[in-house]
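Undergrad: Here is how the chains run, residue by residue.
Number of protein chains: 2
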Amino acid sequence: MNNVIPLKKESLSFGRQITELTELCKEDLISVNTLILEKLDSNVPLVQEVAKYLILSGGKRLRPLLTLSSYYITKSKNLKNNNSMNHIGLAAAVEFIHTATLLHDDVIDESRQRRGKPTANEKWENKTSVLVGDFLFSRAFQLMTKYGNTNTLKILADTSVTISEGEILELANDKNLEINEDIYFNVVNAKTASLFSAACQVGSLSANASKDEVNAMKAFGTNFGMTFQLIDDAIDYSSNKKVLGKNTGDDFKEGKITLPIILAYGRSNDKEKKFWKRTISNLNQEKGDFEYSIDIINKYQCIEDTITRANHFSNVAIDSIVNFKDSEYKEKLVQLVNTSLSRIY
Amino acid sequence: MNNVIPLKKESLSFGRQITELTELCKEDLISVNTLILEKLDSNVPLVQEVAKYLILSGGKRLRPLLTLSSYYITKSKNLKNNNSMNHIGLAAAVEFIHTATLLHDDVIDESRQRRGKPTANEKWENKTSVLVGDFLFSRAFQLMTKYGNTNTLKILADTSVTISEGEILELANDKNLEINEDIYFNVVNAKTASLFSAACQVGSLSANASKDEVNAMKAFGTNFGMTFQLIDDAIDYSSNKKVLGKNTGDDFKEGKITLPIILAYGRSNDKEKKFWKRTISNLNQEKGDFEYSIDIINKYQCIEDTITRANHFSNVAIDSIVNFKDSEYKEKLVQLVNTSLSRIY
Chain A
69 MNNVIPLKKE
79 SLSFGRQITE
89 LTELCKEDLI
99 SVNTLILEKL
109 DSNVPLVQEV
119 AKYLILSGGK
129 RLRPLLTLSS
139 YYITKSKNLK
149 NNNSMNHIGL
159 AAAVEFIHTA
169 TLLHDDVIDE
179 SRQRRGKPTA
189 NEKWENKTSV
199 LVGDFLFSRA
209 FQLMTKYGNT
219 NTLKILADTS
229 VTISEGEILE
239 LANDKNLEIN
249 EDIYFNVVNA
259 KTASLFSAAC
269 QVGSLSANAS
279 KDEVNAMKAF
289 GTNFGMTFQL
299 IDDAIDYSSN
309 KKVLGKNTGD
319 DFKEGKITLP
329 IILAYGRSND
339 KEKKFWKRTI
349 SNLNQEKGDF
359 EYSIDIINKY
369 QCIEDTITRA
379 NHFSNVAIDS
389 IVNFKDSEYK
399 EKLVQLVNTS
409 LSRIY
Chain B
69 MNNVIPLKKE
79 SLSFGRQITE
89 LTELCKEDLI
99 SVNTLILEKL
109 DSNVPLVQEV
119 AKYLILSGGK
129 RLRPLLTLSS
139 YYITKSKNLK
149 NNNSMNHIGL
159 AAAVEFIHTA
169 TLLHDDVIDE
179 SRQRRGKPTA
189 NEKWENKTSV
199 LVGDFLFSRA
209 FQLMTKYGNT
219 NTLKILADTS
229 VTISEGEILE
239 LANDKNLEIN
249 EDIYFNVVNA
259 KTASLFSAAC
269 QVGSLSANAS
279 KDEVNAMKAF
289 GTNFGMTFQL
299 IDDAIDYSSN
309 KKVLGKNTGD
319 DFKEGKITLP
329 IILAYGRSND
339 KEKKFWKRTI
349 SNLNQEKGDF
359 EYSIDIINKY
369 QCIEDTITRA
379 NHFSNVAIDS
389 IVNFKDSEYK
399 EKLVQLVNTS
409 LSRIY
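Here the protein sequences line up with chains A and B, keeping their order.
Under the working numbering, the first residue of the first sequence carries the number 69, and numbering increases by one thereafter.
Under the working numbering, the first residue of the second sequence carries the number 69, and numbering increases by one thereafter.
Hints are supplied without guarantee of correctness; some may be wrong.
Note that identical chains are pooled: a pair holds if it fits in a single copy or bridges any two copies.
Claimed, not checked - Derived lysine-lysine pairs resembling DSS-like cross-links, with alpha carbons at most 30 Å apart:
{"hint": "1", "residue 1": "K321", "residue 2": "K341"}
{"hint": "2", "residue 1": "K128", "residue 2": "K195"}
{"hint": "3", "residue 1": "K345", "residue 2": "K243"}
{"hint": "4", "residue 1": "K222", "residue 2": "K191"}
If you are wondering where the hints come from, they were derived from the structure by calculation, not from laboratory data.
Just need the whole structure built from these sequences, with the hints factored in.
TA: Quick look at the structure:
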């Protein structure tokens, strides 16, 4: 796999690239965070408390960063002195949609930990998470209405439909080991890639980008999103526990069907298939099962193959923006995609 | 109370008025239902199945009827031949928001029955209801984006925020017998009246109504919504079980704090206060408790006083639209408000 994965150097780590992109977008990101805080305001104290708990818990703001970078990558010189806040408002809207999704996701998955802290549904109740998710989602639409136009509204409304359909598709195939890669890709595309893509599109639309430029950013976002999620799913079965913002073994514990499992199940012998059925389909797990699952996954090179799939999407992502003129933003986005592949090592 | 409640005649029943208004809006309502069906379409079969279960289960379409009536009440002659579908699309969006709210509401309240059928969360799972609610909510925003303008988008996005804040305010005061009428009115205003009001506003905005006209319809919707919900809450403690689309006793069983309870608790003696704490705050209920709760409520005239409050709002609602020229639509809306008060008898 040496040909697809960059050598690990600190300067090429994903975390480092996020930090550098954050530095590059520093002023705008301060504005985004100010707007987020302003819009978390509510007369109902519980709303603020819960919403702040998650949205201020030190997430990477990856999606807002995509909106901001897409804005600057496509911004032409004649827009240089415009004082529009549109890209800021839309970046905040994208983060609100993302956070609303996380709140509902954790309820659906019955998750107890996120980013090393108890989830909102664990700290409060499922009910509270559902309602505060609805609140954040509605706030996103307020922001979109204020800072968007017909195009950006349509993209974000369509994306919200896609995300919820993706969640339901995933739920409908819950613990079904027989689903094929195609359904899995559809779920990943809907749940993760569509919002990455929307974040990029609305950023470039705020810069009055041409149709071709918006389409380029759309392709970039979609394929970066696919890369990101596939690597995320691979990390969960990685033997290296020191991976940025992830605990290994969570997907296994929840019986979540991801690509490493789909590949491993298809390649397993009868005894191993029985193991998957017991641990994933029936969620009947014993001590040592997770370690054994990694053994089977490694036996059949399922992590390597997941990374190969991710690498395909990363290549498409990078090629999508090849025609943009060189800029720091373009360089950072390319490095972000490249290093996202190496998160697992 | 004879001075505030119209005499009961069949022609003056609420159900009859709904039927007559439905007849008056028949063609538009067919279009609304067509659009609803069209927008329930999804590649994920479970989405369609669940969404159709609730949205096609024979609801009264009261909110879309408000949008349509508000459109016709304010439509001027020069709009007569316009073929715009905006009022249709917005009426469908309002119904989608309402249905999404019901789905999440039933999860929050752990309700098992709605309109005499098992709730979606009972028939499927809480997870499914949360996600299909999100889907319907996103669909509403697609419709708003397509058929609305900046004004209608702002109204519906603001209303969605208000609804979710109202739900959280209610949850935060769950089983708290000491809350005052003010909080209760805020909850009812946010959870019910705000969408009635939005439905009326977007209808009149689709007809290019003047600011004053939109404000008149806004006031009508808000105050009709308050009337409707107060009567709904009173019906739950009514001794007459044959009330349109309602089962008595549901609120009591769930320990829900509504105006009849707030009034009764405030007026109760120590022994009765203990009863409320056991049955509502601790939800420790025995056979005969519901009947005893009605005894206390009747002892202190709490139903009559709830109706008196409702009557206040109904008067404001009717006075709000006094300046519109006479029309069948205006007449029907007035009758709807008047008969909504008599639903309890």
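Undergrad: Taking the hints in turn, state whether each one holds.
TA: Hint-by-hint comparison with the structure:
For the homomeric pair K321 and K341, the shortest alpha-carbon distance inside one copy (17 Å) is at most 30 Å, but the shortest distance between copies (47 Å) is not. Both within a single protomer and between protomers do K128 and K195 lie at most 30 Å apart by alpha-carbon distance, with minima of 26 Å and 27 Å respectively. Taking identical chains as interchangeable, the C-alpha atoms of K345 and K243 lie at most 30 Å apart only when both belong to the same chain, with a minimum of 9 Å there against 43 Å between chains. Taking CA atoms no more than 30 Å apart as the test, K222 paired with K191 passes in neither setting, with 35 Å inside one copy and 33 Å between copies.
In summary, the structure is inconsistent with hint 4 from the numbered list given earlier, while agreeing with all the others.
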